Amino acid sequence: MSYSQFKVRTEQPTQFVNITASCRECVAKSGVLEGVCVVYIPHTTAGVTVNEAADPAVVRDIKMMLNKLVPARGDYTHMEGNSDAHIKASLMGSSVHVPVNSGKLALGTWQGIFFCEFDGPRTRSVSVQVIGK
Amino acid sequence: MSYSQFKVRTEQPTQFVNITASCRECVAKSGVLEGVCVVYIPHTTAGVTVNEAADPAVVRDIKMMLNKLVPARGDYTHMEGNSDAHIKASLMGSSVHVPVNSGKLALGTWQGIFFCEFDGPRTRSVSVQVIGK
Amino acid sequence: MSYSQFKVRTEQPTQFVNITASCRECVAKSGVLEGVCVVYIPHTTAGVTVNEAADPAVVRDIKMMLNKLVPARGDYTHMEGNSDAHIKASLMGSSVHVPVNSGKLALGTWQGIFFCEFDGPRTRSVSVQVIGK
Numbered sequence: 412m413s414y415s416q417f418k419v420r421t422e423q424p425t426q427f428v429n430i431t432a433s434c435r436e437c438v439a440k441s442g443v444l445e446g447v448c449v450v451y452i453p454h455t456t457a458g459v460t461v462n463e464a465a466d467p468a469v470v471r472d473i474k475m476m477l478n479k480l481v482p483a484r485g486d487y488t489h490m491e492g493n494s495d496a497h498i499k500a501s502l503m504g505s506s507v508h509v510p511v512n513s514g515k516l517a518l519g520t521w522q523g524i525f526f527c528e529f530d531g532p533r534t535r536s537v538s539v540q541v542i543g544k
Numbered sequence: 412m413s414y415s416q417f418k419v420r421t422e423q424p425t426q427f428v429n430i431t432a433s434c435r436e437c438v439a440k441s442g443v444l445e446g447v448c449v450v451y452i453p454h455t456t457a458g459v460t461v462n463e464a465a466d467p468a469v470v471r472d473i474k475m476m477l478n479k480l481v482p483a484r485g486d487y488t489h490m491e492g493n494s495d496a497h498i499k500a501s502l503m504g505s506s507v508h509v510p511v512n513s514g515k516l517a518l519g520t521w522q523g524i525f526f527c528e529f530d531g532p533r534t535r536s537v538s539v540q541v542i543g544k
Numbered sequence: 412m413s414y415s416q417f418k419v420r421t422e423q424p425t426q427f428v429n430i431t432a433s434c435r436e437c438v439a440k441s442g443v444l445e446g447v448c449v450v451y452i453p454h455t456t457a458g459v460t461v462n463e464a465a466d467p468a469v470v471r472d473i474k475m476m477l478n479k480l481v482p483a484r485g486d487y488t489h490m491e492g493n494s495d496a497h498i499k500a501s502l503m504g505s506s507v508h509v510p511v512n513s514g515k516l517a518l519g520t521w522q523g524i525f526f527c528e529f530d531g532p533r534t535r536s537v538s539v540q541v542i543g544k
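Protein chains in written order, with the working numbering: chain A, 412 to 544; chain L, 412 to 544; chain H, 412 to 544.
Chain A extracted, bound-state conformation:
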């Protein structure tokens, strides 16, 4: 069991940041050989997802479609003007969980872990709890 946090600095309103290397470091530091790596986002206008890390066009297309499905302006009642960011955060989710096998993140060949900024630019935190032994 090992809890850690790291920072992510975003530069755009909507931005997917590949945080796989930082998550791998948390797993290495934890010393856990078998278990699960829980990546948790303690924010309400950002989320996290696992998807393709090879071609940057993939996350560009995910962002484009989320902006199309949930437009920035609409019949929103939340006065801060970032309701779309809250909704996208819930659609992506607040955590992802990758198995740890033989001390390594058991990601698929093309997979990476992406911090999903929906109301940037901001300095954000990511919490990582590695469960196992």
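If you are wondering where the hints come from, they were derived from the structure by calculation, not from laboratory data. Just so we're clear, the structure is a prediction, and the values are computed from it rather than from any experiment. Heads up, none of these hints are tricks.
Taking beta-carbon pairs under 7 Å as the criterion, some of the chain H residues facing chain A (in silico):
| id | residue |
| --- | --- |
| 1 | M412 |
| 2 | Y414 |
| 3 | Y451 |
| 4 | H489 |
| 5 | S494 |
| 6 | I498 |
| 7 | S501 |
| 8 | Q540 |
Among chain H residues calculated to face chain A with C-beta under 10 Å, some are:
| id | residue |
| --- | --- |
| 9 | S413 |
| 10 | V447 |
| 11 | I452 |
| 12 | T455 |
| 13 | T456 |
| 14 | Y487 |
| 15 | T488 |
| 16 | M490 |
| 17 | E491 |
| 18 | D495 |
| 19 | G504 |
| 20 | S506 |
| 21 | H508 |
| 22 | S536 |
| 23 | S538 |
| 24 | V539 |
So these bits of chain L aren't anywhere near chain A, every CB distance computed over 12 Å:
| id | residue |
| --- | --- |
| 25 | S415 |
| 26 | V419 |
| 27 | S433 |
| 28 | R435 |
| 29 | K440 |
| 30 | G485 |
| 31 | D486 |
| 32 | P532 |
For every residue, glycine included, the Cβ atom is placed at its ideal position computed from N, Cα and C.
Position chains L and H against the provided structure of chain A, taking the given hints into account.
Chains L and H alone, transformed into the frame defined by chain A:
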């Protein structure tokens, strides 16, 4: 490791109920100091999400957008007439997972855990498994 | 703690495969009595969800709505032509987590675990990590 369940009574067809206090109680009862709190919904027309608990307009806007994206009436084949509720349940997800740090739920400043009713009113169950030690 | 993998063979472009029985087997083999079963998909054009397993019309309606929200053709930039599959994978998510109680998956009465193929037909892998003791 500690498994518990509690009930949620909903009063509306679509309703987000803040269950953070009940989840905190499950963590306190478990005695777990370091780990993860898994909140699981054993229903197929309800989900769970983490989002802003400060301004109720945020969850109102999430509900509004989900109802817009997935209308109650459409080309559905499921005869019970609640296909939209099943779809929204899968979009929000059946579980959320919040790190437990120093015996406390490590939620972000503005975060709360919301039971998402999509086919109410009903009496629902929420399962909580606190993992760790 | 017990890590295993099994294969799923899909036959259609979009197909939800009920993998509950295979997940139950992983839990039985693990010997874990209290914990959580983590079902993880190591692919970027497939996901996993928990929803109704009784009436097949439910997953048919979920597939139909996902195809409507995220059409196969659109303003996508990813050259492989399967951006919609990547987006649907992130909307459903890469993992589900079901509590294990008294050595059994604590699914609700109507719930099943579905592998969500969005770019089939293919032979796919599912990873299962059972956490607990």
